[in-house]
Amino acid sequence: MQAQAQTPPPQPAKTQPLADAIVQKFPGTTIDYVREKRLKVTTTPEKIKEVALFVRDELGFDHISCVSGTDWIAKNEIEVIYFVGSVSKPGQEAIIVALAERSKRDEPSVPTLIDVWPGAEYHERETHEMLGVVFSGHPNLKNLLLPEDWNDIPPLRKDYISPGR
Amino acid sequence: MTVESEYNPDADRIMNVALGPQHPGAGHFRIQLWLDGDFVVKAEPDPGYVHRGEEKMSEYRNYIQNVPHLERPVILDSCGILFPYALAVDELMNNKIPRRGQYLQVIMAEINRIVSHMYFIAIYGIFVGHTTMITWAMGDRDFWIDIAERIGGARVTFAYIIPGGVRNDMPQGLTERAFKTCDWFEKRMDEYEKIFFKNPIFLERSEGIGVLTKEDAIRLGATGTVLRASGVKHDIRRDEPYSAYPDFDFEVPSLTAGDCWARAYVALLEMRQSVKIIRQAFKTIPAGPVRLKLGPQPRVPAGEVYARTEAARGEMSYHLISDGTPRPYRLKIGVPSFKNMIMIRELLKGVHVGDIPPVYWSQNFWPVESDR
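Note that the protein sequences, when read in sequence, are chains A and B.
In this text, residue positions in the first sequence follow our numbering: the first is 1, and each later residue adds one.
In this text, residue positions in the second sequence follow our numbering: the first is 1, and each later residue adds one.
Hint data in this document are derived by calculation from the structure and do not stem from the laboratory.
This one's a predicted model, so the numbers in the text were calculated from it and none came from an experiment.
Idealized CB from N, CA, C, for every residue including glycine.
Careful, some of the hints might be misleading.
Just a sample of chain B residues kept apart from chain A, beta carbon distances all over 10 angstroms, derived [to be verified]:
{"#": "1", "residue": "39"}
{"#": "2", "residue": "122"}
{"#": "3", "residue": "175"}
{"#": "4", "residue": "249"}
{"#": "5", "residue": "306"}
{"#": "6", "residue": "353"}
In silico lysine to any residue, SDA-like type, Cα no more than 20 angstroms apart, as pairs [as the list claims (entries may be wrong)]:
{"#": "7", "chain 1": "B", "residue 1": "276", "chain 2": "B", "residue 2": "191"}
{"#": "8", "chain 1": "A", "residue 1": "37", "chain 2": "B", "residue 2": "238"}
{"#": "9", "chain 1": "B", "residue 1": "276", "chain 2": "B", "residue 2": "146"}
{"#": "10", "chain 1": "B", "residue 1": "293", "chain 2": "A", "residue 2": "37"}
{"#": "11", "chain 1": "B", "residue 1": "56", "chain 2": "A", "residue 2": "37"}
Let's have the full structure, built from the sequences with the hints guiding it.
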């Protein structure tokens with residue numbers, strides 16, 4: 001889903017070169033949006049580790065900010081997004097790169113990125129329990145926030161209805 | 001001391017102990033510990049005892065109904081946790097917030113930062129056996145809550161920062177009182193330094209303990225006071241200025257030690273900067289309206305946005321996806337306590353059992369916030 005910009009956004013002076021660098025290196029990736037301080041890139045689960053290493057090592061985004069997931073039930077897909085920022089490269093502290101990948105909703109499986117950003121470990125565990133995404137290679141995917149005996153579909157899926165609703 | 005590589009969890013000498021979830025200090029949170037005598041060989045945080053499903057709840061409520069329940073996870077810093085939500089909705093709706101509203105947002109966010117840091121220092125005192133600090137800091141905290149009450153109408157959960165600005169204007173005659181509180185509080189912080197931060201007993205309990213290096217802090221995604229105590233000068237208020245922050249002159253304090261003492265002291269230095277910001281804001285607040293009228297059920301255009309602010313505990317972020325209906329399609333709440341939780345596991349390795357309280361509490365960890 002794309003943002004419908006009503007007014008022309010400010011000139012994305014710093015994010016555009018980053019987007020160009022990623023597309024040049026990985027021609028298969030899609031740039032979803034380029035804003036003044038935000039950049040979203042979608043790639044595939046097969047390629048995400050290469051792109052992540054490029055974003056971390058070449059572009060300097062060394063600090064994991066958040067990992068989010070979305071259930072796109074109409075498209076039968078689950079999206080996993082890594083939001084990464086930079087704390088040590090001067091000039092791009094304000095920028096957040098959103099690195100997204102999509103997987104089939106029936107059996108979502110993506111590689112873990114904790115060897116790229118070790119801070120993502122608990123975030124991935126939460127995404128696993130809330131959306132049912134299996135992060136292959138993750139050392140521990142036990143329930144974190146949900147009870148150990150949770151016996152239902154993952155609660156942030158759109159077909160899970162909260163009790164009483 | 002056993003290093004992790006050579007310990008065997010089945011060996012008799014390793015004892016498995018649960019700290020919490022009803023520990024008076026740890027709150028609604030459990031840490032599983034594997035102990036070898038007096039040393040921690042492994043620690044595993046176990047949150048979830050106060051998980052309320054805020055993210056799922058927000059998919060059933062409209063953008064205004066979401067305001068009160070989103071501030072509940074961390075009522076000490078209720079404006080800090082709502083701030084990025086308001087920014088995210090404003091960004092999608094393309095709202096231009098009136099200047100006076102932005103100044104009030106900043107004033108309340110900074111008062112909440114002080115209130116939250118005071119609570120942090122107060123409980124820190126009791127954790128290391130320093131009873132004076134809990135009585136002083138808890139008492140002094142109330143003067144700030146009094147000012148927040150005059151502005152927001154409640155003492156902890158204000159629902160004050162909302163999409164479109166702030167809920168109401170501040171009362172007349174508050175500025176004088178705020179200046180008085182600022183003057184008094186600055187003197188008071190000097191006294192805190194003498195009785196707590198330079199106190200040999202506290203130094204003994206915290207200096208050189210639970211050291212987080214700069215590299216590890218970045219690698220593990222630390223945020224807030226934890227990150228700045230390890231030598232990284234990263235503050236979203238300065239690096240990605242939002243709301244009225246570009247108008248104010250303040251510094252980003254950071255220390256290099258990365259130990260339990262530095263994580264406490266950086267909070268005191270931050271409160272000094274907050275007082276500086278509050279004073280400037282009251283001095284230069286422009287006249288005018290404080291909010292946009294959005295109506296009871298605002299229509300948010302379809303789109304996706306990631307907004308973040310510097311809350312008291314660190315980077316507070318929301319990933320909001322709207323599909324054009326009155327309710328969010330997805331709202332991911334990225335809370336600083338959850339981001340810092342991995343540090344508890346890493347820093348508890350190898351410490352004495354007696355050092356667990358300062359190592360745990362110096363993360364400024366709030367279990368309810370982490371669980372959402």
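Hint check results:
Every Cβ of chain A is farther than 10 angstroms from the Cβ of residue 39 of chain B; the closest lies at roughly 23 angstroms, confirming the non-interface assignment. For residue 122 of chain B, the requirement that its beta carbon stay farther than 10 angstroms from each beta carbon of chain A is met, with the minimum near 28 angstroms. With a least beta-carbon separation of about 32 angstroms from chain A, residue 175 of chain B lies farther than 10 angstroms from that chain, consistent with its non-interface assignment. Taking the minimum C-beta to C-beta distance to chain A, about 19 angstroms, the non-interface status of residue 249 of chain B holds against the 10 angstroms cut.
Listed as outside the interface, residue 306 of chain B is inconsistent with that label: its C-beta sits roughly 6 angstroms from the nearest C-beta of chain A, within the 10 angstroms cut-off. Every Cβ of chain A is farther than 10 angstroms from the Cβ of residue 353 of chain B; the closest lies at roughly 24 angstroms, confirming the non-interface assignment. Straight-line distance between C-alpha atoms of residue 276 of chain B and residue 191 of chain B comes to about 18 angstroms, which keeps the hinted pair within the 20 angstroms bound. Proximity of residue 37 of chain A to residue 238 of chain B is assessed by CA-CA distance (about 14 angstroms); at most 20 angstroms being required, the pair is judged to hold.
Taking the CA atoms of residue 276 of chain B and residue 146 of chain B, the gap is near 19 angstroms; set against the 20 angstroms cutoff, the hint holds. Distance restraint check for residue 293 of chain B and residue 37 of chain A: the Cα-Cα separation of roughly 28 angstroms exceeds the 20 angstroms cut-off, and the hinted pair is therefore not satisfied. A threshold of 20 angstroms between alpha carbons decides the hint, and for residue 56 of chain B with residue 37 of chain A the separation of about 28 angstroms lies outside it, so the pair is violated.
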